[in-house]
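Kindly produce the complete structure, drawing on both the sequences and the hints.
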Amino acid sequence: MTDSSQPQTPNSQGFIRAFRALVIMLAVAGLAFWVYQNAVQPEADKPFKLGLDLAGGSHLVYEADVSNIDAAEVPELMSVLRDVIERRVNVFGVSEPIVQVESSSFVTEEPVQRLVVELPGVSDVGEAVAEIGRTPLLEFKLYDEALAAQQETLQNLESLGESATGSRAEIGNVTIDGEAISQEPPFRDTGLTGRYLETAALEFAGGNSGQLSNEPLVSVRFTAEGAELFAEITRNNVNKQLGIFLDGELLSAPNINEPITGGTAIISGGFTAEEARALAQNLSFGALPVPIELQSTQTVGASLGAEVLGKGMQAGVYGLGLVLLFMLLWYRLPGLVAGAALLSYVTIMLALFQLIPVTLTAAGLAGFVLSLGMAVDANVLVFERMKEEYAKGISSREAASIGFTRAWSAIRDGNITSLLSAIILFWFGTSLVKGFALVFGIGVIMSMLTALVVTRTLLLTLPDTKKSAGTLLATLLGNGIQK
Amino acid sequence: MFLITYRKIFLAIAAVIMLGSALIIGSLGLNLGIDFTGGSLTEVSYEIAPNKTELENLINTQNLGGISVRASVDEAGRDAYLIRTRDLSESERVELESTVTSLGEAGEISRFTSIGPVIGQELRDKALYAILGVVLIIVIYVAFAFRGIGTPVSSWTYGAITIFVLIHDVLVPTALMSILGYVAGIEVDVLFVMALLAVLGYSVNDTIVVFDRVRENLMANRVEKRTKREEAGVMYEDVNYTLTKPYDKIVGEAVRETLARSINTSLTTFIALLALYFLGGAVTQTFALILMAGVLAGTYSSLCIASPLVVTYAQWRAKKETN
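Chains as they are written, first to last, in the working numbering: chain A, 1055 to 1537; chain B, 3 to 325.
What the hints contain is simulated information worked out from the structure, not anything from laboratory work.
As the structure is a prediction and not an experimental result, all values here were calculated from the model.
By construction, the Cβ of each residue, glycine as well, lies at the ideal position given by its N, Cα and C atoms.
Keep in mind that a hint or two might mislead.
Here are the simulated distance ranges between beta carbons [claimed, not checked]:
(1) E226(B) - K1446(A): 49 to 59 Å
(2) N65(B) - Q1154(A): 28 to 38 Å
(3) E1150(A) - P119(B): 28 to 38 Å
(4) I1499(A) - S156(B): 27 to 37 Å
(5) I165(B) - L1080(A): 45 to 55 Å
(6) I142(B) - E1156(A): 22 to 32 Å
(7) T1207(A) - E107(B): 41 to 51 Å
Cross-link-like lysine to aspartate or glutamate pairs, in silico, DMTMM-like; alpha carbons within 20 Å at most [unchecked claim]:
(8) K1446(A) - E218(B)
(9) K1488(A) - E124(B)
(10) K54(B) - D81(B)
(11) K230(B) - E218(B)
(12) K128(B) - E1117(A)
(13) K1100(A) - E1156(A)
(14) K1520(A) - E1452(A)
(15) K1294(A) - E1312(A)
(16) K1446(A) - D1518(A)
(17) K128(B) - E1156(A)
(18) K54(B) - E110(B)
(19) K1294(A) - E1199(A)
(20) K247(B) - E218(B)
(21) K251(B) - E1442(A)
(22) K247(B) - E259(B)
(23) K251(B) - E218(B)
(24) K247(B) - E232(B)
(25) K1294(A) - D1198(A)
(26) K1446(A) - E259(B)
(27) K1446(A) - E255(B)
(28) K230(B) - D240(B)
(29) K1488(A) - D127(B)
(30) K1488(A) - E1156(A)
(31) K54(B) - E97(B)
Simulated coverage check for chain B against chain A, where a stretch passes if three residues somewhere in it have a Cβ under 8 Å from a Cβ of chain A [to be verified]:
(32) 189–197
(33) 212–222
Right, here's the structure in full:
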């Protein structure tokens, strides 16, 4: 195999080629290990992100009525709306909910503002809709010392009971003075709510009189009616704590130092400027800033989603196996190289799905399985060109090199049109189509890249021979119909 | 190359396929799903499913207007019904749920989708624009990429023929969808549009590979003749190309040389789709079927329509010019 006149150069070249091939295969193997770790470990930082149709859950689309709002203010209002809804969804206790604003594309005459809410794992759509449909509530409540004391007593009883009998259930029903003890934070209603709020604004504490300078605060101004109520409450409850609740969650509980008659209140609570601004924003729109209406709902049961995922993966594994088998049987040794390139393609794609991350849906999985069949195309193009040259009597390595040069224009033009299609799809598409277009587009680029890097390097590493040699190796480098 | 020699037969077959598909679509129509029309689709699964008429009658007491109930099997293999109604309000949905689960054994809503009419209309528009946009960009790119191909037909001809090929490739799977809708009540959803777009991408790739070989063979089989002339003190150089082989022979060779590649790529794609069809579950089964039809149509069109058509057109032009 070595050239007798120049024994050194081909040898060192061969060594470099083999080394490069080894590095590439090791890198792909390492990546595959990483992908696998991320997929199976429950606490991985980059797990696969499953869409609702695979993980189960609810997908709600609300349409916001912005017809009475100045177009310039719409984006800000929508972001406020998103925050309000997100807060409510978080109260719902769903893991990783998604709340996003989606504006209909330029295709329709009138842009429609939508709010998309995804609740993984929530298959009771009614409960979710009810929760979101609730108007957000800003409440001012007074600290209830009596209730706090009762709760403390109950807690003591419980800990006693636990140590005595180990049963909490019985103690949970203990009543004092014939009334069930609330387990809520010990505050009682004052009747003062967000309804009486006029505005809320971000402020910074002045640097005077010993106050911490520049502490971000939120000041709220009540309406005339609210100011009266507020004055009355503060007058009667000096030195008590006034809890400020948003959607039932205690935000802060400042102490009432003196009666406040000016109709304004300051909410402090160690906010960062960003937090304070967000709070002021949310308070200003304690009620939804724009009316919303439920447009579409989609629910998939969790067990069903798992079933779809399992079948999709099964189809992927079998599809991959069959394509590998076909390539190996038809193209023999180069087919093996194409197999390595295809496995690299799958590894890189899965890694990108985890990294970007791409939300996997049933459609995305189907598109990926489809791409397994199409990804070998660049390899097939090269091998066919290589075969032509090889049949002419050119050595296999040179034939491979020529094959790449000749097939390039077809690979380039074919892939560019596919990429353009993907871009258009992404541009026009709804979120579902966008996901498909993204997978499709990345797939096109990666299949081209693996063919150009992995296939090329490995193919040029294969031992060099000529068809006329008639050896087993010469046959292995041929393909299909030829001997 | 027999594909070029007997091109009239292959083009006639293509014409029959296209006309037939258009007729099927025209007469049977498309069974548009709620993705496009708006409405609600409820899948209810049972351990022991109730009688279909009984279920229908019970749902009808709720006065939801026209409903359709279709027996199916859910992803876990349980007997299920797909109930299609108009766009339901929250209270109507709750009522429907309690109605359908009151029958049979262990009834459970396994899937519920409700789409407002506005979103449906918008999606329909978007789908149409997306398909048109993709076709347009492909044609422009083909015309651009093959510029300078010159003799005997311009690059725009290749672009225009690509459109024709793409129409063929969209018609065939759409006709299949039309039949599936008529026979089995399968509805057109967003997945179908994605399948069509994937077919477009696949087919144009296939066609470009053949055209690319035509381009290469044209370059290899031409002689360049440069003539210099002077006009008003300015030197001009005219470059003329003459083909050393007849155009149809050159195209024929290009088709022969790309045949193995076309068939092999179709096969690998088809194999992957077969796996998806048989193992991928009910959600993507129709998607796989439509794509298989599309891949077959795309392979046929790039081999038996694109190149024969370009030869037929070149000869028709040559004839017109000599007359």
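>> Of all the hints numbered above, which does this structure not satisfy? Sort the numbers upward.
In response: 1, 11, 13 and 24
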